[in-house]
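Student: Top line first, the protein sequences correspond to chains P and W. Count along the first sequence from 1, then add 1225; that gives the number in this note's numbering. Count along the second sequence from 1, then add 463; that gives the number in this note's numbering.
Derived from the structure by calculation, the hints contain no laboratory data. Just so you know, even glycine gets a beta-carbon here, dropped at the ideal spot from N, CA and C. You can take every hint at face value.
Some residues of chain P that are not near chain W, with every Cβ distance over 12 Å (derived): (1) Gly1240; (2) Ala1242; (3) Ser1253; (4) Ser1286; (5) Asp1292; (6) Ser1295; (7) Thr1297; (8) His1302.
Computed cross-link-like contacts, DSSO-like style, restricted to lysine-lysine with a CA-CA straight-line distance of at most 27 Å: (9) W:Lys507 <-> P:Lys1326; (10) P:Lys1228 <-> W:Lys507; (11) W:Lys541 <-> P:Lys1326; (12) W:Lys525 <-> P:Lys1228; (13) W:Lys474 <-> P:Lys1331; (14) W:Lys546 <-> P:Lys1331.
Here's the letter readout for the chains.
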Amino acid sequence: DAKTTQPTSMDCAEGRAANLPCNHSTISGNEYVYWYRQIHSQGPQYIIHGLKNNETNEMASLIITEDRKSSTLILPHATLRDTAVYYCIVRVPYSGGSNYKLTFGKGTLLTVNP
Amino acid sequence: EAGVAQSPRYKIIEKRQSVAFWCNPISGHATLYWYQQILGQGPKLLIQFQNNGVVDDSQLPKDRFSAERLKGVDSTLKIQPAKLEDSAVYLCASRAWGSLAEKLFFGSGTQLSVL
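Isolated chain P (complex conformation) (with noise of 0.2 Å):
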């Protein structure tokens, strides 16, 4: 499976825009990378995921390199609700059907400073 380096916290001010890491630099084509978080307490929530192009939502942005190799998870204005681990996660798909693995790592703890 595809792993993913992540740091293992950040900080950032409240009203400024996070940007988390991910490398995942032995992606394969056909795989997708996935971001999803857990405030404390409560289950992961997606965000946001891609291929190849850069990614917008509501929630956020994702900035995919070239070679696929890494990306970036773009909160363009942190708010304290925002504080949480975040994860990076590369799916792999199971081999002759269209179901998927997702792999947990242990992810990014941001936290939002007033």
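Chain P is fixed; fit chain W onto it per the hints.
Tutor: Below, chain W without anything else, positioned relative to chain P:
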């Protein structure tokens, strides 16, 4: 739309006892996952169902853990007998079927303490 429901929210048992967790996925979601999350770690996949069939149970400790999804809707995860190292949050997640089903929806989990 209603989310993934799990119960109980908390459970405390002694080692060697048995315990069961229940999960009701989002209506119509064909794929169901059970994850184990030990404190300080990311969730670890235990088992994945597609309807009532098992897709992946390679990381399920089958000597003590069992899971079923008999009618392809709700699911139960059982531990018998429990060990101290089973103390964790057990998360259930579900996903709709098809190429548009790009994300998992997680429940709030069951926090298990084994004493």
